[in-house]
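There are 2 protein chains.
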Amino acid sequence: MSRIQIAKIFKDKIVDTDVTIKGWIRSVRNSKKFSFLVVYDGSSQKPIQVVADEVLTNYAEVAALITGSSVAITGRLVMGGGKIPTIEMQAREVFIYQKTDETYPLQKKATSLEFLREQAHLRIRTNLFGAVMRIRHHLAMATHQFFSDRGFFYLNSPIISGVDAEGAGEMFTISTLATDISKAPKTKEGKLDFSRDYFGKETFLAVTGQLEGECYAMGLGSIYTFGPTFRSENSNTARHLSEFWMIEPEVAFADLDEVAQLGTDYIKYLINYAIIHCEDELNFLFTREESTAPENHMETLKHVRDSDFARITYTEAMEILAKVDPSVKKFEYPVGWGLELQTEHERYLAEMHFKRPVIVTDYPKEFKAFYMKLNADNKTVRAMDILVPGVGEIIGGSQREDDLSKLSTRMSELNMSQDPLWWYMDLRRFGSVPHAGFGLGFERAIMYITGMNNIRDVIPFPRTPKNCDF
Amino acid sequence: MSRIQIAKIFKDKIVDTDVTIKGWIRSVRNSKKFSFLVVYDGSSQKPIQVVADEVLTNYAEVAALITGSSVAITGRLVMGGGKIPTIEMQAREVFIYQKTDETYPLQKKATSLEFLREQAHLRIRTNLFGAVMRIRHHLAMATHQFFSDRGFFYLNSPIISGVDAEGAGEMFTISTLATDISKAPKTKEGKLDFSRDYFGKETFLAVTGQLEGECYAMGLGSIYTFGPTFRSENSNTARHLSEFWMIEPEVAFADLDEVAQLGTDYIKYLINYAIIHCEDELNFLFTREESTAPENHMETLKHVRDSDFARITYTEAMEILAKVDPSVKKFEYPVGWGLELQTEHERYLAEMHFKRPVIVTDYPKEFKAFYMKLNADNKTVRAMDILVPGVGEIIGGSQREDDLSKLSTRMSELNMSQDPLWWYMDLRRFGSVPHAGFGLGFERAIMYITGMNNIRDVIPFPRTPKNCDF
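Protein chains in written order, with my numbering: chain Y, 20 to 489; chain F, 20 to 489.
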């Protein structure tokens, strides 16, 4: 008999029917003459309870199963008789693919998050990671739905890149010469001769798809990327990954207000989609004993979905922060116009002052990338960050400088060479239009919605300094 | 007035309404007292025709516009009076963002595919690339829809990898030491000391997400990846890219037949989705003068969508090929059991023998990766390739070896170290189940459906040997 997914049994409320399920044992509880097997197959947060008894020819073997064993079970679905009636299965046949024993790493309770990171190949078998990764899936689907419904086209921007698009220098080099440099061609200065490397020049892992996104917005109107991006910065924090996924919409003819609204709508859409599609998963995450989600997080999410985000300028943000009574909140970093908004400041604004997401606009140009549109004050740029409680910055965006001479001037001020970006300058030479966009860090959005507090636990196989297993 | 997308005007058949469109000039045709501007905004294949006349204060300037200029036009939508009545616009106001002149690279007719590859930042502005990339978008949406509807979860497998998952060695090295090897730490043998590199070991760009996909299938049941993969092979062909996108489903409890059927259903779904969502784009591609699509390609696609794929074993394929009359088709490479199926053979089977997609199964183990399930004959493995007319292999898949000792033996035969794959072996140690999956090259699928015959023209910014601009 072909298998049925457990999710389908609960969704379609299938009872009084013979089916085969295939999955893994979560737990076994034995009483005198029968056993309760809790079985999951990954399709749903909720496992199914299977009643096995001496009808089974291999009952003794079945009753001795422990967590992690793989099975195919044929039997009848019936409405169980508990306080809250739920569908369960009366087993007629239990086929055992493989028994686990006490060497199985995921024994009950031996499951600290640190330990599970070392078992990233197995941790998806736990309730916790099943919940997080199903939510991740649904947020990805929500992303495509949201942009596609609004006439945006999905752009696969290149991963291998010849330019440092953010000018920050935190990039991984890609090479086919590096494996054995003793045999590789070198320059007179003793460096690798990248002109004889695979691509004929030094290449990097992309830190953003934005610049290519701008090219495509000039042809397709509205685009979004959704792909991996990379930073080689040496940050070992709960908020940084060396490899992470980013969504970057870019909109021709849009100004900063329009993309600030787009970002707001998108975050609300993600929240709403998760509430609709992942109710079991969110409830599991928010009610488990070790939950790191804020109190009443489900209500908070619903509130955020239904209310407007605060909007202030960087200048106003600094004024608010300057007035904070140190007995209420003492900042580690100083506050004042011309200083960076640190994560502690961002979180204060979102968590304590506004108690909801806040959009901060018009930052000093010194803190932002070369391509952002200069304001008339000649000091600030049309940038925006969206800050959310618990996480801080989740979206960073801007209106782009669409005037060739202004862009050129800014690049000169920053001692940037225009040569490698000749094609980017071309966008301002031929048919230039106002345009704007933003980037959302996918993992940070997942952290915000799930209440998970370490970014390594919301991506399947995290890459961080000194850590590239699996 | 906020802009309306041109696609929406045609879709909702909006007439007798004042609107603002924002886009670019495709062409201008002047008659004595008025001009026809053909304007596109990327939202649709079909542009809109705008009638401009002396009502405009800047009429002389507007009439002098050439292709590529950017404009915002406010006016009234009316039903035009041509043979096939279509919606057009009567301009009341034309705002010019930027005029192009004869330096604009995309002048009419100066548009060979080779030239456009050098202008990859601009080529999306042409009818041709607009069509291809909108189809690419819809095929990506179709992919998520197809798998999501079937209970598969989207997995972001890692891009930075510590293992050579295919054992083929065609990998790019990632390093933060390679930028300046003169200053980098080295081993006694004069190689880069990867133990002191960013990840503490040598790392690569992933050639597949399959192995991590198997981990997740053991937790979520059915998963699929959809992400970039990489090969550093030195292939300068119309079918190879160094960076390409792949879709890799992996299904717990499935055998080869089940994933062969899944692959068949998926390809049919892609075709059907394109026909439904991209009618204008496909018609444009198939009817333009320089079209590289086969004759009657739309009918062929519909036929493939509605008919079954042929299924043969590798052994049967060789028998068919051995009987081919050399006067009908002369092969460059020899044919016989134990020899590789070359692209010319694959294309013969799909194009001339079966005249439809064909699934070839059970290849000699020597040609296939270490993880494929050995058949009882001890010579062949449970592998399958799906071959399509015009392209050749589009899908490669297999049932995976789920028996630890058999997998172990095969790896020893191939002199593979199990150490870096301890986690992959664990999947066979704990709760192992039969499972199978495949990989579909996204660009090859796009080539097949669009009839484009160079893979560099179906990805936004192609990466190939010595070629990493933009």
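Be careful, since some hints might not be right.
Given that identical chains are not distinguished, each listed pair holds provided it fits within a single copy or across any two copies.
Stated by the list, open to error - Keeping only pairs whose Cα atoms sit at most 25 angstroms apart, straight-line, the calculated DMTMM-like set for lysine to aspartate or glutamate is: (1) Lys398 with Glu277; (2) Lys30 with Glu385; (3) Lys387 with Glu185; (4) Lys205 with Asp344; (5) Lys342 with Glu298; (6) Lys118 with Asp274; (7) Lys485 with Asp183; (8) Lys30 with Glu277; (9) Lys374 with Glu314; (10) Lys210 with Glu221; (11) Lys205 with Glu221; (12) Lys342 with Glu112; (13) Lys52 with Asp344; (14) Lys27 with Asp299; (15) Lys387 with Asp183; (16) Lys52 with Glu80; (17) Lys485 with Glu221; (18) Lys27 with Glu359; (19) Lys220 with Glu412; (20) Lys210 with Asp438; (21) Lys398 with Asp276; (22) Lys118 with Asp438; (23) Lys321 with Glu309; (24) Lys52 with Asp284; (25) Lys387 with Asp445.
To be clear, the hints were calculated from the coordinates, so they are not data collected in a lab.
Find the hints from earlier in the document that the structure breaks and name them by number, from lowest to highest.
2, 4, 5, 12, 13, 18, 19, 24
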